[in-house]
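Chain P is fixed; fit chain F onto it per the hints.
As a plain string of letters, each chain reads:
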Amino acid sequence: MTTGGDFDHPLEWVLYRAARLLEDGDRVFTGTHWPVLVTRVAGRWFGADMVRVFEGGAIVEDLPETILTGISDFHRYAEDTAFAGTPMEAFYGLLRSGFVDKAVIDATNVDRYGNVNSTCIGDYGDPTVRLPGSGGSTEVAAYARNLILVNGSTDPRRYRETVEYITAMGYDRGGDSRADLGFPEGTGPTHLVTPYGLFSFEDNEARLRERSPLFEQSDLEDVFGGWDLSPPDRPCDDADPEGLRITRAVIDEAGEAYYVLPDRELKSPYAKGS
Amino acid sequence: MSGTVPRLSMKEAVGQFVEPGADVYLGNFGTAAFGAAHEIIRRGIGDLRVLMSSGGLLMDQLIGAGLLREALTTHCWGSVGPLPAANFRRALEDPKEGSVRVEDYSYGTFTAALMAGAYDMPFVPTTPMQRTGHDEHRALSGQDKYDRVEDPFTGGDVTVVKALRPEVAFVIVHRADRRGRGQWFGPRGELAYVGLAARQTVLIAEEIVGTEVVQQRPEATLPIANVEAVVHEPWTAHPESLFGMYHRDAEHVVYYCRRSRSEEGFEDYADRYIHGVDDREEYVERLREDGRFDLERTVYP
Chain P
3 MTTGGDFDHP LEWVLYRAAR LLEDGDRVFT GTHWPVLVTR VAGRWFGADM VRVFEGGAIV
63 EDLPETILTG ISDFHRYAED TAFAGTPMEA FYGLLRSGFV DKAVIDATNV DRYGNVNSTC
123 IGDYGDPTVR LPGSGGSTEV AAYARNLILV NGSTDPRRYR ETVEYITAMG YDRGGDSRAD
183 LGFPEGTGPT HLVTPYGLFS FEDNEARLRE RSPLFEQSDL EDVFGGWDLS PPDRPCDDAD
243 PEGLRITRAV IDEAGEAYYV LPDRELKSPY AKGS
Chain F
45 MSGTVPRLSM KEAVGQFVEP GADVYLGNFG TAAFGAAHEI IRRGIGDLRV LMSSGGLLMD
105 QLIGAGLLRE ALTTHCWGSV GPLPAANFRR ALEDPKEGSV RVEDYSYGTF TAALMAGAYD
165 MPFVPTTPMQ RTGHDEHRAL SGQDKYDRVE DPFTGGDVTV VKALRPEVAF VIVHRADRRG
225 RGQWFGPRGE LAYVGLAARQ TVLIAEEIVG TEVVQQRPEA TLPIANVEAV VHEPWTAHPE
285 SLFGMYHRDA EHVVYYCRRS RSEEGFEDYA DRYIHGVDDR EEYVERLRED GRFDLERTVY
345 P
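Just so you know, the sequences run in chain order P and F. The numbering of the first sequence is the numbering used here, which starts it at 3 and goes up by one. The numbering of the second sequence is the numbering used here, which starts it at 45 and goes up by one.
Just chain F, same shape as in the assembly:
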């Protein structure tokens, strides 16, 4: 791949790469792509199938906005407290017509499935899953999740997980250059694989840097097959944290979890902090106006 990659606003990127009914991976593990999710919510792009390793409050907000058809995840809860993700619970405990259906993966098998997707493997041996709920209860995947096969070399039984290959991945990186090389520092989670597993990737970069900066730390560049666009968006993961750059806003997580305990409370929150702003810059500005923002952001590394 050569040449430059389009640099888009989040509005443009979501508009171009997320259609109703899309199959979207929303990154990252813990460091969640709130900027992308809020734009999806503002546009009301629905009927989505999302993959998220750790659903958290981002998945909770998409569920609250009624935009998810299916979710493949390993965990969905508030990251502080830990307080429940209220929309997630409501949708599953008291489902309505069109409520999200969730397929539970373990984090190991979820990552292994993306690794298989990345490396052109139809499936990959993974964690023993016999008798686990993840194996016995399949909400969406039917046979397309786990199976047991005979190890051709030893004759023993081995659990395998089918490859996952999302259409589009939104991945947060610390920095990216104009050619779409995205660099991530800190634990990689499934970022080691998802950019090769997905057909298209949109990079959300906290910083835009020159290629010579990228070249100083080539080992930090994520393996990605097709970077379709780079979005420059500081504070994109707020209220979650970004390794080396900013802290989780624990106060805001608790505030959100409390507000969203009722549907009306969630609507009020969304009106003020999602629909009531135009983009990430206005979001941060709104939080400041409300006296709800006192974090610092350090450029890393």
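With the rest of the complex left out, here is chain P:
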């Protein structure tokens, strides 16, 4: 790691950089975990008119007053809900039809083609590590245009040349293989934001576009075996002070809401003697 310019911690860069891929007025299909924080940073920073779509079938307008612990923290966004429908409407209607402008999903175990595995490491029938499963990320990855993948982890094992189980389809094996499988034209991941840098998908494969100011090129080479790491032609911008302040405030809110944050101790429940 290097001294990170304005950023103190890799997670700050991830949330900040992912938020900057959004614009005010966007209708954002928001997955659970980091995407909730990304749309919160964007909402507090510049996105007063941003709209969130959640997979249970909700369109949430206005930023919920308190941070959500996840997308099923229903009562926290009850007052901000402008449409209450079904997953059929969310996935096959709002997402597929183009109502949704952008989508953000967690991609904590991802490969260079943007395939995400959130199901299991090792054999499905006898996994070494069992992960949560897909929720609706399979549908988001199948149908979203402008899909942003967010991986908040610095663990090199979370970046694979190819994942073992495709929970959410990226570009499969690269080339035309996604299209050949019958996924709709114009869909597929456009960006992957990681603590190490921002990747964009060009010719259906992740390419480094900006290196995080917190890491050297040699750090990335140790992590991303088999990925295209041609050094980007431009450095990343200096942090916007307001954006960075809000990002830090959202991370603090997340800590209060019991998010597991890297390098921070999880807030203890029932702190008064349990």
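Worth flagging that the hints you see were computed from the coordinates, not collected in a lab. Ideal Cβ placement from N, Cα and C applies to all residues, glycine included. There are no misleading hints in this set.
Each pair of labels, with its calculated beta carbon distance range: (1) F/S306 to P/A273: 18 to 24 Å; (2) P/D254 to F/E333: 28 to 34 Å; (3) F/T198 to P/G100: 18 to 24 Å; (4) F/R332 to P/P233: 56 to 62 Å; (5) F/E211 to P/D205: 49 to 55 Å; (6) P/G177 to F/E311: 51 to 57 Å; (7) F/G254 to P/R159: 55 to 61 Å; (8) F/T198 to P/A84: 33 to 39 Å; (9) F/E329 to P/E255: 31 to 37 Å.
Coordinates of chain F only, in the frame set by chain P:
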């Protein structure tokens, strides 16, 4: 359907509608039927096949109690943190004789399968699943999950999912009347379909209201073929949230996830908060006694 529907206690409802080996949908998406699950655990009704869109800590507790044979789900994890669902992980990473077997669905295909079940469709076109793990790895369903068929109109390939029709569904609603009209407010998830897909439905109502109240908001009444019973049970989804009525108890979710990291810790938790109480009222009372309950419940709408 006319006339009144029996109003049962959770004890009676679980006793009547959940037999060993039963095929049960446990609702809802995120707002989980903990009251029903805890009664199942107290009675030790096992060998179950459960359908849950979001397994969460409720599925984790049923697994910890050793009561599940099979689970069809899209996700099973702690809702806060997000911290792992420890019993779920243990059962899959280090299975023992009789450990649960899990079939992973995506949330879109799971809902579509219930929609097909609701509307008398044998299967329904759904998300492209080619090369996904959900398609390639089938723990339970074999061919009875996804397939690809030729679109008769365009000749292209289309993924289809087979209809799901659980025997019994436990569904949480904000309010219900004596005729079994259950009203839900907020995102419907698969509740739009499961009551028509299931052969029998038990409604768990946070409030019991008169028919004239139901008639004020007819669009909120869920489509359900056979409401067999109505159970009145406030706080039924605790520690999860209920849209418009109460918050998720994030503190308790974290507490549970930490306790259940060991099997002994899970047993201790279950002894105190599941086996150690008789019903939902005592559960809330126990939490209060232990200084672990400070939520408020608002009647909605």
